[in-house]
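Q: Going down the list, the protein sequences come from chains A and B. According to this note's numbering, the stretch in the first sequence is residues 2 to 228, in order. According to this note's numbering, the stretch in the second sequence is residues 2 to 228, in order.
Just so you know, the hints here were simulated from the structure itself, not pulled from any lab data. Certain hints may be false.
Copies of the same chain look alike in the list, so a pair counts if it works inside one copy or between any two.
Claimed, not checked - Restricting the straight-line Cα-Cα distance to at most 30 Å, the calculated cross-link-like pairs of lysine-lysine (DSSO-like) are:
hint, residue 1, residue 2
1, 216, 177
2, 3, 19
3, 54, 177
Protein chains: 2
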Amino acid sequence: MKVSELAERAGVSVATIKYYIREGLLPPPPLKTGRTMGYYDRAYLERLIAIRKLREEHFLPIRVIRTILEEHGDQPLTRLEATVLARVDDRVTRRLAPARRPALGREELLARYHLRPDELELLEAMGLTDDLELMEALQRAEGEGLSRDRFPLEGLGHYVELLGELARREVRLFLKHAAAHVPEGELEGLAERAVELTEPILNLLRKRLILREIKRLTGAKGPREES
Amino acid sequence: MKVSELAERAGVSVATIKYYIREGLLPPPPLKTGRTMGYYDRAYLERLIAIRKLREEHFLPIRVIRTILEEHGDQPLTRLEATVLARVDDRVTRRLAPARRPALGREELLARYHLRPDELELLEAMGLTDDLELMEALQRAEGEGLSRDRFPLEGLGHYVELLGELARREVRLFLKHAAAHVPEGELEGLAERAVELTEPILNLLRKRLILREIKRLTGAKGPREES
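Turn these sequences into a full structure, and let the hints steer you where they fit.
A: Structure (structure tokens):
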């Protein structure tokens, strides 16, 4: 791909690509075959599209985008990170695991949470039925008007996907920074509290981002004609 | 692309592709040029990769993946969805907007939240400095050990990206289902409460997904050699 094709496919200008290269978000053209010709491959295009989205959809500054791109991969843990993880595993697991309760059988689950069999199957497939705390939270939301006939349980998939991706990155970031900066004596305690400490930040950000999306949609013109 | 190439590039088997087609997750081969040759384009490959990730990384069942793929696009609102949005906009905005407080100047922000100038710039660039509630939540987390020298503010970018994507889908899903199923009289009240009602579900899921990620990492063998 030439730089002009690359720009067109990614939906940015050539000047923008050069700017990203200067800022270190993109490597220099991978293969220079002549004085003015650089060839870009598909991975390059994908990285460029990811950057464009982080800027245009999420309004993130360059510095933050750089951090996000660094964390994106799924590299194995370093030895030090693995050591940190082994050290905090037990206490974090105890803190985050669902409260121990008598396991309910299928019939009990169906009856207690007013589930249809296909809804129970769906929750089972997502590995969520052994978590009675979650089942109760779902039921409370249902009782308050977010009923499953109006808002089907499939919608939980969005949370599992995106919070799952967030969880991956949060664990990696914690391990990386903890391995480098947190004194041994503080490690377990901090790991144990980290989820609770960040929960209010997460909940506030979610509110503001929902608001931002509403403003974006109400600012946008021309609803699509009903088909 | 032939189906064998497609399978190889997406990292799945040909049988899996056929299964996805049968389940309606993928359209039938877009161009059939002979008795056994189907040609697949790049969009097809991207959809296939997205499906593979939803299954293998997030363990989502087919039914849920179907729902997620349907919501993925950024289509304009239908007329009915736009009407719902216009009706709930005011009350939702009042509920989700940061509490009104006297705006702080740059110097006051730096002093009160112990920010470095580059940190303030970063928060400004993400549009987060007018939200004193959030600033205070950040400060509390810092005071409890998640200090910014250990866990740099750039990490907030992950939340903004992924909760931003979640916010987009949540707003769309709410509008879609509310437009179809919620009686007019209940609409504003439900919209206003929806974020709070789902907050406990979100927080519980996050905990379990962090736990799932920890289990995945501790189950995985062989930490990378320190380089």
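Q: Give a verdict on every hint.
A: Hint check:
1. 216 / 177: Between copies only: 17 Å across, 36 Å inside.
2. 3 / 19: within (13 Å within a copy, 35 Å between copies)
3. 54 / 177: both (25 Å within a copy, 24 Å between copies)
Checked against the numbered hints given earlier, the structure satisfies every one of them.
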